[in-house]
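There are 2 protein chains.
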Amino acid sequence: MQYTFQVTGMTCGHCERAVVHAVRALDEEALVKVDLPTGQVVVESEKSRDAVATAIREEGYQVAA
Amino acid sequence: MQYTFQVTGMTCGHCERAVVHAVRALDEEALVKVDLPTGQVVVESEKSRDAVATAIREEGYQVAA
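Just so you know, the sequences run in chain order D and H.
Position one of the first sequence corresponds to residue 244 (the working numbering), numbered consecutively onward.
Position one of the second sequence corresponds to residue 244 (the working numbering), numbered consecutively onward.
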């Protein structure tokens, strides 16, 4: 499934990598694309949208519902 | 010696840790204190001021002369 999230709190490349790694820790085969200026995060994963959102939140970023 | 640097480009805790680690990679006994909101970085190190500034710059941040 492909999900698009609006994520706030990512300020730099470290944050971008932290989000990518958080999603990959949940699903190592996930594809994750982050647009840092807009905060848009596109994820292709077999996991649920909620599970992916939770992984991003647990990394310390806000995900719009 | 104790040095104070004005560093720009640090936006988050990841950046703060990246700067601390960059200085510690140069001098593992260095004491590094970062004030993220102001960008002020205070370093106690046996290394030269120039060497410390270079380590911070090589991590990708700007250090005022």
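Everything labelled a hint here was simulated from the structure, so no lab data went into it.
Accuracy of the hints is not assured; some may be wrong.
With a straight-line Cα cutoff of 25 Å, these simulated DMTMM-like cross-link-like pairs (lysine to aspartate or glutamate) come out [what the hints assert, rightly or not]:
| # | chain 1 | residue 1 | chain 2 | residue 2 |
| --- | --- | --- | --- | --- |
| 1 | H | Lys290 | H | Glu271 |
| 2 | D | Lys276 | H | Glu302 |
| 3 | H | Lys290 | H | Glu272 |
| 4 | D | Lys290 | D | Glu259 |
| 5 | H | Lys276 | D | Glu272 |
| 6 | D | Lys276 | D | Glu287 |
For each hint, the structure was consulted:
A distance of roughly 11 Å separates the Cα atoms of Lys290 of chain H and Glu271 of chain H; the hinted pair therefore holds under the 25 Å criterion. Of the supplied pair hints, the one linking Lys276 of chain D and Glu302 of chain H holds, its CA atoms being roughly 24 Å apart against a limit of 25 Å. Proposed proximity of Lys290 of chain H and Glu272 of chain H is supported: the alpha carbons are some 10 Å apart, at most 25 Å. Distance check on the hinted pair: Lys290 of chain D and Glu259 of chain D sit about 20 Å apart at the alpha-carbon level, within 25 Å; holds.
With a CA separation close to 38 Å, the supplied pair Lys276 of chain H and Glu272 of chain D exceeds the 25 Å bound. For the suggested pair Lys276 of chain D and Glu287 of chain D, the alpha carbons sit about 9 Å apart, so the restraint of at most 25 Å is met.
Checked against the numbered hints above, the structure breaks only hint 5 and satisfies the rest.
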